[in-house]
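Novice: This is what each chain is made of:
2 protein chains.
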Amino acid sequence: MNAAGKRIGSQTLVFPGRPAVQSGASVVGPKEGSGPLGQYFDVVKGDTLLGDRSWERAEVRMLGEAVELAVYKAGLKLQDIQALLCGDLLNQITASSFAARELPFPLVGLYGACSTFVEGMSLGAMMVDGAYATAVVAAASSHHDTAERQFRYPTEFGNQRPPAAQWTVTAAGAVVLGRGEGPHVTFATLGRVVDMGAVDVNDMGSAMAPAAAETIWQHLQDTGRKPSHYDLIATGDLGRLGRKLCMELLRRRGLDVSGNFADCGCLIFDFTPEVHCGGSGCGCSAAAFAGYFLGELAAGRLNRVLLVATGSLHSPGSSQQGESLPGIAHAVAIENPGQEGSSP
Amino acid sequence: MNAAGKRIGSQTLVFPGRPAVQSGASVVGPKEGSGPLGQYFDVVKGDTLLGDRSWERAEVRMLGEAVELAVYKAGLKLQDIQALLCGDLLNQITASSFAARELPFPLVGLYGACSTFVEGMSLGAMMVDGAYATAVVAAASSHHDTAERQFRYPTEFGNQRPPAAQWTVTAAGAVVLGRGEGPHVTFATLGRVVDMGAVDVNDMGSAMAPAAAETIWQHLQDTGRKPSHYDLIATGDLGRLGRKLCMELLRRRGLDVSGNFADCGCLIFDFTPEVHCGGSGCGCSAAAFAGYFLGELAAGRLNRVLLVATGSLHSPGSSQQGESLPGIAHAVAIENPGQEGSSP
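Quick mapping for you: the protein sequence lines, in order, are chains R and P. Residue numbers for the first sequence follow the numbering used here, so the first one is 1 and each next one is one higher. Residue numbers for the second sequence follow the numbering used here, so the first one is 1001 and each next one is one higher.
Be careful, since some hints might not be right.
[Said to hold, decoys possible] Covered stretches of chain P, as calculated for chain R (at least 3 residues, CB under 8 Å):
1) 1100-1106
2) 1193-1204
3) 1229-1235
4) 1313-1321
[Stated by the list, open to error] Here are the simulated distance ranges between beta carbons:
5) P:ASN1159 - R:VAL199: 52 to 62 Å
6) R:PRO16 - P:TYR1153: 31 to 41 Å
7) P:GLU1156 - R:PRO30: 43 to 53 Å
The hints are simulated quantities; they were obtained by calculation from the structure and are not laboratory data. Ideal Cβ placement from N, Cα and C applies to all residues, glycine included.
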């Protein structure tokens, strides 16, 4: 690898400049705070409205708070940040845009459904690695009640959710990527859109699993790594069904990930009945990474993590028009300095 | 400038590797085809439905066609392209996602409302300049009938539009950015979100003008250039009202752009009564640049263009909740080789 080619294989960007994840911050709702990862989140809100007049405004505030807290934890000022790479699930990503209007740096607005956080980390790592920035923030958010009423039914309606459904998390996560201390982003594998024809909007895990398997496979092909290189391969929000399906799809391609595979959607909640298949939403992988994995990396309990955020790229309108659910997954490798091993 | 710092000022990325706009393609509807720029577009469709069953499906097809045509015109195969940086106005940018599922390369999904095309050009130029890719496509689309029924009223409803309104164009534009021949992308100035409290969704030009003025001012500050450096400073879709307001805001900051300022929304239509203030939509600046400006650059009639695409970052939901219209504008400088002058 040299300055003339910071990519390998067909989809993977290489970051020889070793951009660091300098800090991370997570702000979650009460349900996420009382889940298995609760102790790892920076801020657990007591309610989902934050005393404001709409859930949408609450989401904006949670996202802004996560961004500002990540900057603070990195020992930086807002004026040191050169871009916010951010998205969410709301139509026209208004959570991100409205959070960004309070911030003094440019917004690079992203939409990759629940893959958005890793899309932002990929682009942000590239900006830092390529010396286009010294510090940027990648962030994403979701909110159970804003997502439910936009994609499915208003929560007040109280409809019964089918067993394959997942529970959109109320959470925002943000990381500062820069030239300071922290685990390195070593690779980013950008995902293609994969559509296997799934049409059930209440089973997004199955719709996204083929894209996750494809991106994981491609990442390993491009880098020449084995699954065992990673202490943890963590998908974003496949949930219980999608996680199983992804592992099976990888197994059929000769890849055994059974020893080091996790899904943020399966980690974030106890499997109480209403949660069904697990957590989902942009905020799921963002908060799980910024809140939990990053701390494990700092403590050295994890040294090599492949974070694979997965998105279902449908809209309510596209489903009503009979379209299927295209999936996408982007992956970033985050590794502690000196722990990358001998792989390329 | 050196490898340790490919940015200047607070918001501007520098591309010393001179990524080239290798080709551009534009696919537009009949109304755009019969407008003043009609002769410059590659494909003018005879109707807005393309014989398909929904306008949304027609938009997907126009966008995919623009991407494929741009790749063809660059003398490349789809397999040579390493990413599609793309967005549109539909909820969850389904036009982009559904177009991308037919394409064999990764999707970097973007949302910057009508600033999306330049957001994609900025990121794409960075990918090529930084050697993370040898060829990528930046693209955007909009469709009058899909946008009207999502943001305002179904067109069948036939409501009367107020004088400040603009006409969302039916158009897709795409460019190939790579290491081949063509005018260079020399700078990108990423925009901050600027919200002056405008609330009229039928006057988006006024809502976006402050962001446009801010980004143009910042670009000139960062680069040390004067407005007269450019043969043309072209905003995306401010329309007649927003264009005037932007020029006035710049005048108050001591910048006279009266001699070389244009707005794609003012260029794309004759001012027939129903068009009111001009064109708008992601496809407006995308098709105007790919169809018109790029040809003028190739012919040497333009040598230095600053393209400033502007977006109103609201959603129908945010407006119904009483929120104002945050604006954003991103800018890219596109210059013919050897014609960049002595400015930094």
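Novice: Each hint: holds or not?
Specialist: Structure-based check of all given hints:
no. : hint                             : result
1   : 1100-1106                        : holds (count 6)
2   : 1193-1204                        : holds (count 3)
3   : 1229-1235                        : violated (count 0)
4   : 1313-1321                        : holds (count 7)
5   : P:ASN1159 - R:VAL199: 52 to 62 Å : violated, 34 Å
6   : R:PRO16 - P:TYR1153: 31 to 41 Å  : violated, 53 Å
7   : P:GLU1156 - R:PRO30: 43 to 53 Å  : holds, 45 Å
Of the numbered hints given earlier, the model fails hints 3, 5 and 6; all others are met.
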